[in-house]
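Asker: Please model the complete structure; the sequences and the hints are all you need to start from.
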Amino acid sequence: MTIKTPSRICLFGEHQDYLGLPVIAMAVSLYSRISGESPADGGIKRRKMRKKQEAGDRVVIHKPDINEMESFSLDDLSYTHQRDYFKSGIKACQDEGLTFSQGFEVEVTSNIPLQAGCSSSSSIMVGWIHFLSQMADEPIDWQPDKIAQLAYKAEVVEFGEPGGMMDQYSTAMGGLIYLESEPNITLSSLKPIPGAFVLGDSLEQKNTLDILQRCKDNRLDISNKLKNDNPGFSLHSIKITDIVNFTKFLTEN
Numbered sequence: 012m013t014i015k016t017p018s019r020i021c022l023f024g025e026h027q028d029y030l031g032l033p034v035i036a037m038a039v040s041l042y043s044r045i046s047g048e049s050p051a052d053g054g055i056k057r058r059k060m061r062k063k064q065e066a067g068d069r070v071v072i073h074k075p076d077i078n079e080m081e082s083f084s085l086d087d088l089s090y091t092h093q094r095d096y097f098k099s100g101i102k103a104c105q106d107e108g109l110t111f112s113q114g115f116e117v118e119v120t121s122n123i124p125l126q127a128g129c130s131s132s133s134s135i136m137v138g139w140i141h142f143l144s145q146m147a148d149e150p151i152d153w154q155p156d157k158i159a160q161l162a163y164k165a166e167v168v169e170f171g172e173p174g175g176m177m178d179q180y181s182t183a184m185g186g187l188i189y190l191e192s193e194p195n196i197t198l199s200s201l202k203p204i205p206g207a208f209v210l211g212d213s214l215e216q217k218n219t220l221d222i223l224q225r226c227k228d229n230r231l232d233i234s235n236k237l238k239n240d241n242p243g244f245s246l247h248s249i250k251i252t253d254i255v256n257f258t259k260f261l262t263e264n
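What the sequence shown shows, in the numbering used here, is residues 12 to 264, in sequence order.
Honestly, the hints are just simulated from the structure, not real lab data. Since the structure is predicted, the reported quantities are computational estimates derived from the model, not experimental observations. All C-beta atoms, glycine included, are put in the ideal place defined by N, C-alpha and C. The reader is advised that the hints may include incorrect statements.
Pairs of lysine-lysine residues, derived as DSBU-like cross-links and limited to a Cα-Cα distance of at most 35 angstroms, are as follows [said to hold, decoys possible]:
#1 Lys202 with Lys15
#2 Lys227 with Lys74
#3 Lys15 with Lys102
#4 Lys164 with Lys74
#5 Lys157 with Lys227
#6 Lys164 with Lys202
#7 Lys157 with Lys102
#8 Lys98 with Lys15
#9 Lys250 with Lys164
#10 Lys259 with Lys15
#11 Lys202 with Lys236
#12 Lys74 with Lys102
#13 Lys227 with Lys164
FRET-style restraints, in silico, Cβ to Cβ [claimed, not checked]:
#14 Ile233 with Asn78: 40 to 50 angstroms
#15 Ser84 with Lys202: 46 to 56 angstroms
#16 Leu210 with Asp76: 13 to 23 angstroms
Answerer: Here's what the structure looks like:
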């Protein structure tokens with residue numbers, strides 16, 4: 012079984028989703044892939060794994076793109092490193108009632124640029140949740156928005172990360188979407204844009220978490236300052252014509 016999940020680009024609202032403001036994002040033809048079978052499914056590779064490990068509760072994850080391999084027991088999902096997403100994804104599925112009585116071996120590959128703002132980690136998390144839903148003792152066909160919800164929980168909420176929901180919903184839904192997350196989630200699929208997009212990679216990796224945290228903190232600081240001076244201020248209801256009334260409360264920096 013192979014789960015293929017796209018990357019995404021943001022067309023409107025970059026750094027707005029974590030404030031609950033609207034965004035428009037589009038999936039693009041760069042993909043992560045998760046391929047694997049449970050030990051019970053047989054196959055030469057699976058038989059070799061069982062002979063070597065002599066245990067059926069292991070999860071083995073091969074990452075050939077970065078020359079890494081990860082292995083852990085389903086009986087011990089305690090986190091051992093920062094952003095331990097494969098374990099948090101299993102936990103999110105277990106919280107929904109899924110059970111996994113046997114381990115499995117998977118291979119994760121991707122042609123999405125890493126740390127380039129293209130949602131490489133979210134694409135893999137969305138694919139992982141989808142994969143797990145089919146590998147459970149009782150497989151379930153979750154809708155894309157449900158997969159996005161669980162991916163957001165496993166990737167952002169579980170680790171207290173500063174990101175919003177755009178990456179998970181865009182890669183799970185595919186196509187072109189409009190998304191608002193406050194006060195309630197509003198999700199719409201939009202008519203595709205004709206033509207082609209060219210996505211350039213500078214090859215300069217960014218520290219995604221640091222950038223998100225700094226941008227989020229700065230925006231929240233500004234919002235809170237305006238609220239302190241103007242109790243009725245809200246990012247969700249302010250009009251363009253009102254902006255000039257608030258500039259006097261802000262410094263040049």
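Asker: Hints first: check each against the structure and report whether it holds.
Answerer: Hints and how they fare:
no. : hint                                  : in the structure
1   : Lys202 with Lys15                     : holds, 22 angstroms
2   : Lys227 with Lys74                     : holds, 31 angstroms
3   : Lys15 with Lys102                     : holds, 21 angstroms
4   : Lys164 with Lys74                     : holds, 23 angstroms
5   : Lys157 with Lys227                    : holds, 26 angstroms
6   : Lys164 with Lys202                    : holds, 28 angstroms
7   : Lys157 with Lys102                    : holds, 15 angstroms
8   : Lys98 with Lys15                      : holds, 20 angstroms
9   : Lys250 with Lys164                    : holds, 32 angstroms
10  : Lys259 with Lys15                     : violated, 50 angstroms
11  : Lys202 with Lys236                    : violated, 38 angstroms
12  : Lys74 with Lys102                     : holds, 21 angstroms
13  : Lys227 with Lys164                    : holds, 18 angstroms
14  : Ile233 with Asn78: 40 to 50 angstroms : holds, 43 angstroms
15  : Ser84 with Lys202: 46 to 56 angstroms : holds, 47 angstroms
16  : Leu210 with Asp76: 13 to 23 angstroms : holds, 18 angstroms
When held up to the earlier numbered hints, the structure conflicts with 10 and 11 and fits the remainder.
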